[in-house]
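Could you put together the complete structure from these sequences and hints?
Chains as they are written, first to last, in the numbering used here: chain A, 87 to 617; chain B, 153 to 585.
In short, the hints are calculated from the structure, not lab data.
Hints are not guaranteed to be accurate.
When the alpha-carbon atoms are kept at most 27 Å apart in a straight line, the in silico DSSO-like pairs for lysine-lysine are as follows [as the list claims (entries may be wrong)]:
#1 B/K409 <-> A/K259
#2 B/K251 <-> B/K179
#3 A/K561 <-> B/K279
#4 B/K205 <-> B/K409
#5 A/K380 <-> B/K409
#6 B/K218 <-> A/K377
#7 B/K262 <-> B/K227
#8 B/K475 <-> A/K561
#9 A/K447 <-> B/K219
#10 B/K537 <-> A/K529
#11 A/K561 <-> B/K219
#12 A/K561 <-> A/K377
#13 B/K515 <-> A/K561
#14 A/K259 <-> B/K567
#15 B/K174 <-> B/K262
#16 B/K259 <-> B/K398
#17 A/K377 <-> B/K205
#18 A/K377 <-> B/K174
#19 B/K218 <-> A/K561
#20 B/K506 <-> A/K259
#21 A/K290 <-> A/K200
#22 A/K561 <-> B/K398
#23 B/K515 <-> B/K475
#24 B/K205 <-> A/K380
#25 A/K561 <-> B/K205
#26 B/K262 <-> B/K369
#27 B/K409 <-> B/K262
#28 A/K377 <-> B/K507
#29 B/K175 <-> B/K218
#30 A/K380 <-> B/K219
#31 A/K561 <-> B/K175
#32 B/K219 <-> B/K259
#33 A/K285 <-> A/K298
#34 B/K174 <-> A/K447
#35 B/K251 <-> B/K218
#36 B/K515 <-> A/K380
If you want a taste of the chain B side facing chain A, the calculated C-beta under 7 Å gives, among others [as the list claims (entries may be wrong)]:
#37 T194
#38 M201
#39 H203
#40 T209
Since the model is a prediction, treat every value here as computed from it, not as a measurement.
Where a beta carbon is used, it is the ideal one built from N, C-alpha and C, also for glycine.
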Amino acid sequence: MSKSIKNISIASHQNNGLSSVQKLGLALGFIGLFILLLALFNVAFPNKTLWLSISIVAILGGIVFYANATYLNRPEGISNNGLFHQSLTNRGTIAWVIGIVLTLFYVVLYWFPKYLGLGEDGATNSGIIAFFDPLSLLLNGKPASQWFVYGTLYTMAILGLGYKFILKYRHNKYQLVRTISVMFFQLGFAFLIPEILEKLNPDKAYFAKDLKNMWPLNYYFFNEWHLKNMLEGGNLGMFMLVFGIAMIFIISPILTYFYGKRWYCSWVCGCGGLAETAGDSFRHLSNSTQKVWKLERWMIHSVLVFSFVMTIAVLFTFLSNNPEMSFITKDQFIYGIVAFLIVFTGVLYVFKRNDLDADAKFTMLSLVSIIVISILINFFSGNQNILFIDSNSLREWYGFAIGAAFSGFIGVGFYPLLGNRVWCRFGCPMAAILGLQQRLFSKFRITTNGGQCISCGNCTTHCEMGIDVRSYAQKGENIVRSSCVGCGICSAVCPRGVLKLENDTPAGRINSNEILLGNDVNLMELLNNKK
Amino acid sequence: MENIVIIGNGISGTTLARHIRKKSNSKIIIISSEAEFFFSRTALMYVFMGHMKFEHTQPYENDFWKKNNIELIHKSVTEVFPKERALLLSDNSTIRFDKLVIATGSKPNKFDWPGQDLNGVTGLYSKQDLDHLEKWAPTTERAVIIGGGLIGIELAEMLRSRNIEVTFLVRENSFWNGILPEGESQMINRHILEHHIDLRLNTNLTAILSDENGNAKAIVTDKNETIACQIVGLTAGVSPNIDFLKNSGIELGRGVKVNRFLETNIKDIFAIGDCAEQHEGIGLRRPIEAVWYTGRMMGEALAQTLTGNPTQYNPGHWFNSAKFLDIEYQTYGWVWAKPKDYEAQFYWEHQSGKKAIRISFHKETRVFLGINTFGIRMRHEFFDKILTDNQTVDYVIHHLAQANFDPEFFTAHEKEIQEQFITQFAGFQKIRS
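Take a look at the structure:
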C-alpha cells in the first residue's frame, strides 16, 4: 500500500487543502515567526517592545485562527483523519525539515548561545536575545538570557498548541482539564513565578525557582552551586530546599499513590506539557514493538543509575569540601542512602515480588546497583575523585549527555521523527522512579471493559509511550504499566468504549490471568475472586 | 504428532491456534489467502482514514508465529476431502490433516444486482476491498453505498474523511431500524446528515451502470433516479464464506452446521466464527453471529476441546458495540426494535441529541432485560452481573452511576435519567425506599 495519497484527479474533491481562515492563520503565525527570524539576524527594530508584542500576538493569534478553522467546523469527535497521509505527521519532508531545524536550535541554545546574540562577559545582548530584553526586564528586571528566550518560546508553544489540543478533543473533559492544568503550571510555575521571584530578590544568586521541577528531573538540584545558593538564599532559598526535598520524599509518593504518575507526567511536568501540546501531532510515531520496549528498559534504567550515582557523588564531594554547611558527615550520608535503599528495595521485594513485571524488575536491579556503587564510592574515593573520576566531570557529563543532548535535542528535536515522548520514555530518571511506584504501589490503572475490545489497535497506535495497550485490552486485562503517563488518549480514541483511567482499590488491580471473556461463567467467578 | 489445520486466519482461527499452543505441542497450520498475517479487519477503516497504518492492525508481531511454532500458508483452499483427510489448495498441492477447523468468515451479500461485478463496486470486508478502495478513491467524486447497517455507515465515514461525496441508500425507512428502536435510529439519521452524507431512506438499488471500460459510472434507484458515481459500496450484510465446501459432504445450511461443541456432522471437522451455524440459536442469539467477540469465544472454547477438555460454546449474555461516526453505541442484554409483548421500554435522550439510553424490562416482574447506550460508556461487568442475578430495572436505575464507564470529569446524566424514569414509571420510588 502506498504511504502517501497522491491526488491525480482534477475532478476529485480529495485533499482540497486549506480553508481561507486556515490560510490566514498560517500567514499570521509565520509573520510572527519571521519577525523573530529577522531579530535573530540582528535586524535593529526601532521599537523592540512593540515588535516583540506584535510577533508574540501574531504567533498565538495565528495558531488560534488555524485551530478554530480546523476543528470547529466539524462535529465534536476524534479527528485523526489523514495523520498517516500527511508529510508533517508521517515523517515526510516537512517533518524532517522541522526536526532538523529544532535540533539545530537546541545545539545553538545549549552550546553556542552567542550565535543567538547572548552578550558574553557583560557585553550587551544582540540578535534574538536582545529582542527579548524588554519582556525580560519587565518580568525579572534583568536583560534576557538564552534561557529566558527559550522559556518564553516554550511557554508560547504550550499555550498556543494547548489551545489547539483543547479544540481537537473538546468532546473529552478529561483532556480539557488536563490540558488546562499543563498550561497553568507552565505559565505560572515554570515561567511567571520564577521570573517574578527573581525580580523581587535581585541580590540573591540564582537557584531554580520552578517549584514543580523536582529532582531527579532537575538533575542539578543537589549540585554544589545550587545547594549553596539555596542555603545562602535566605528564606526563599531555604523554602525551595525544604520544599524540593519534601516533593521528592513526601508529596510525590502520596500523589502517585492516589493518582498514578500522571499527576506529574501529563498534568504538571513541563517536558510532558510540551509533549502533550506541541507534540500531540506526533504521538502516533512512538514505536510500540517488543524490541523497542526492551531498549527502553535498558536506556531509562541506565540513566536512572547514572543520575543517582552522579547526585550521590556530587553530594559526597560537597560534604567533603563543606563539612561546616551540613549536619551530617559524608560517611553518614552514604550509609544513610545505602540503608534507605536497602530497606526500600527489600520491602518492595518481600511484599510486591509477585507484581513485578519486566520494567519493575529492571528498576529494582538499578536500585541494587546504586547501593553497590555507593558503597564503592565511600571506599575508593577521595574528596574530589569519585571512583577515580572527578565528580565535577561526572556532573558535567551528565549535564551534557542527559540534561542537554537527551532531553533537548533528541527529546524535542526528534518529535516529528520518533514521537513526542522520546525523553520521557528512554531518558527521564524521574519517570523511572515514579513508574516503579505506579506499578507496585498506586491506585491507578486503566480498566478494560470486559469483552468489548475488537483488537483494532487505535490505542496502541496512539499511545505516546509506545505501550502495546491492545495486547492487554484484547485479553480483558487491566493496563498497569510503569511507563504509562495517563494522558488518556487510548481511552479517547477507542471506538468501543473499552478503556477507562481509574483510581480504585489496589486489590485486584493487576489481573494477569487470561480470561475466557464472557464464555462460560468464568467471568463471574473471576469477578467474585477479585472482590 | 497430531496435525491440526485451520482454514482462515481471522480472529476465530488465530485465537484457536494461540490457545491450542498454550496447552499442546501439536502441529498447527493456518491457511489463508487474504493476508500473510492475522490483522484486525475492524480496523481497516482506520487505515483508509489515515489514523493507522496497515501494520498497526496486526495484533501480533510478524515473528510471533514462528516463535510459537504456528505454520502459516498464504494460499486458498479449493476443496476439502473429509474421507481422505486432505485439502486441495489453489496451486493444486494437497495438505493432510488429523483435525480440520473451518474458520473462513463471511463475504458481503450481493443480491444479483445488474452490474454488481463492475470495477468500482466493492464490499468492505477484506484487505483486498481496502486495496481496491485505495486505488479508486483518488479519482472518485461521489460514491453510493447500498445497505444501512454497521458496515455501510463505516464505509460512509471512510469516504467522507477524504472529502468524497457520499449517497447512502437505505432500504428501511430509518437507519438500521431492524435493530435500533425508533428514537436511537432517528438520532443516527440526524447525525448522518450532520456529516454531510446524502441519506436516502426507503430507497433500493435497481442497477449499476457501466461505462465503456467496465467501470461503474452510475446507479439507478427503485425511484428511477440515476446517480453518477465512481465507487459503489455493497454493504447489505454478510453471509458465510463456504462455497468451497459444497461438494465436501459437510452439512451446510446458510453456514457450516455445528453443535454446541462446534463439531460438524463429520468427525474431527469443526467450524468456528462467522461461518459456523448453530443448529439452534443459543438463547435469543441467532444461529449465525458475525460478531468479533463470538468468533474469539468460539476459538477459545474449541481450543479447550481440541486439547482434551471438551467445552461447549457458551457465549453468555448478549452484548455488542459499534461507533456511528462520532456516536459510540454499546448494548448489553436484549432491547428489541419492536418491543415484545412482555417488554416495557424506557427511553431517555439528552438535549444535545447525541446521547441516549434505552432500558428494556419485563412489564410484570420489572426484571432488567437489556440496555442500549449511545454516547455514554457503560461497564460490561456491571450489566453482566445484573443479567445473571435477574436484577430489576429499579435496581439498575438506582445504581446507574456504578455502571458508568465514561472517562473522568465527564458530565454525569444519572440524575436526569432517574428523574425521568420516576415520572414515567412511578413504581420506582416505592422500591427505592
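Here's how the hints hold up against the structure:
Distance check on the hinted pair: B/K409 and A/K259 sit about 48 Å apart at the alpha-carbon level, beyond 27 Å; violated. This hinted pair checks out: B/K251 and B/K179 have alpha carbons roughly 10 Å apart, not beyond 27 Å. For the proposed pair A/K561 and B/K279, the alpha carbon gap of about 24 Å is at most 27 Å, so the pair holds. This hinted pair does not check out: B/K205 and B/K409 have alpha carbons roughly 37 Å apart, beyond 27 Å.
A threshold of 27 Å between alpha carbons decides the hint, and for A/K380 with B/K409 the separation of about 46 Å lies outside it, so the pair is violated. At most 27 Å may separate the alpha-carbon atoms for a hinted pair to count; B/K218 and A/K377 meet this at roughly 16 Å. Straight-line distance between C-alpha atoms of B/K262 and B/K227 comes to about 25 Å, which keeps the hinted pair within the 27 Å bound. For the hint pairing B/K475 with A/K561, the CA-to-CA distance comes to about 21 Å; that is within 27 Å, so the pair holds.
Of the supplied pair hints, the one linking A/K447 and B/K219 holds, its CA atoms being roughly 24 Å apart against a limit of 27 Å. Annotation: proposed proximity of B/K537 to A/K529 holds, straight-line Cα distance about 24 Å (limit 27 Å). Our distance criterion of 27 Å between C-alpha atoms is met by A/K561 and B/K219, whose separation comes to about 20 Å. For the proposed pair A/K561 and A/K377, the alpha carbon gap of about 21 Å is at most 27 Å, so the pair holds.
A threshold of 27 Å between alpha carbons decides the hint, and for B/K515 with A/K561 the separation of about 37 Å lies outside it, so the pair is violated. Taking the CA atoms of A/K259 and B/K567, the gap is near 19 Å; set against the 27 Å cutoff, the hint holds. The hinted pair formed by B/K174 and B/K262 fails the criterion: a straight-line CA distance of about 40 Å is larger than 27 Å. With a CA separation close to 16 Å, the supplied pair B/K259 and B/K398 stays within the 27 Å bound.
For a cut-off of 27 Å, the pair hint linking A/K377 to B/K205 stands: about 19 Å separates their Cα positions. Between A/K377 and B/K174 the CA atoms are separated by roughly 23 Å; this keeps the pair inside 27 Å, and the hint holds. A distance of roughly 21 Å separates the Cα atoms of B/K218 and A/K561; the hinted pair therefore holds under the 27 Å criterion. Distance hint between B/K506 and A/K259 is fulfilled; the C-alpha atoms sit about 16 Å from each other, no more than 27 Å.
Among the hinted pairs, A/K290 with A/K200 is consistent with the structure: their alpha-carbon atoms are about 25 Å apart, no more than 27 Å. The suggested pairing of A/K561 with B/K398 is violated, with an alpha-carbon distance near 36 Å, which exceeds 27 Å. Restraint check: the Cα-Cα separation between B/K515 and B/K475 comes to about 30 Å, which exceeds 27 Å; the hinted pair is violated. At most 27 Å may separate the alpha-carbon atoms for a hinted pair to count; B/K205 and A/K380 meet this at roughly 23 Å.
The hinted pair formed by A/K561 and B/K205 meets the criterion: a straight-line CA distance of about 23 Å does not exceed 27 Å. Of the supplied pair hints, the one linking B/K262 and B/K369 holds, its CA atoms being roughly 18 Å apart against a limit of 27 Å. At roughly 22 Å between alpha-carbon atoms, B/K409 and B/K262 fall within 27 Å of each other, so this suggested pair holds. Taking the CA atoms of A/K377 and B/K507, the gap is about 42 Å. The hint is violated against a cut of 27 Å.
A C-alpha spacing of about 17 Å is found between B/K175 and B/K218, which places the hinted pair at or below 27 Å, so the restraint holds. Under the criterion of a C-alpha separation no larger than 27 Å, the hint pairing A/K380 with B/K219 is consistent with the structure, at around 17 Å. Distance hint between A/K561 and B/K175 is fulfilled; the C-alpha atoms sit about 17 Å from each other, no more than 27 Å. About 31 Å separates the Cα atoms of B/K219 and B/K259, which puts this hinted pair outside 27 Å; it is violated.
With a C-alpha separation of about 19 Å, the suggested pair A/K285 and A/K298 falls inside the 27 Å cut-off, and the hint holds. Using a Cα cut-off of 27 Å, the hinted pair B/K174 and A/K447 holds, with the two alpha carbons roughly 25 Å apart. Between B/K251 and B/K218, the direct Cα distance comes to roughly 21 Å. Compliance with the 27 Å bound is thereby established for this hinted pair. Straight-line distance between C-alpha atoms of B/K515 and A/K380 comes to about 58 Å, which puts the hinted pair past the 27 Å bound.
With a cut of 7 Å, the hint placing B/T194 at the interface with chain A holds, because the nearest CB-to-CB distance is about 4 Å. The interface hint given for B/M201 is met, as the beta carbon of that residue sits about 5 Å from the closest beta carbon of chain A, less than 7 Å. A cut of 7 Å between beta carbons decides the hint on B/H203: the least distance to chain A is about 4 Å, and the hint holds. About 6 Å separates the beta-carbon of B/T209 from the nearest beta-carbon of chain A, less than 7 Å, and the hint is met.
Hints 1, 4, 5, 13, 15, 22, 23, 28, 32, 36, counting from the list given before, are not met by this structure.
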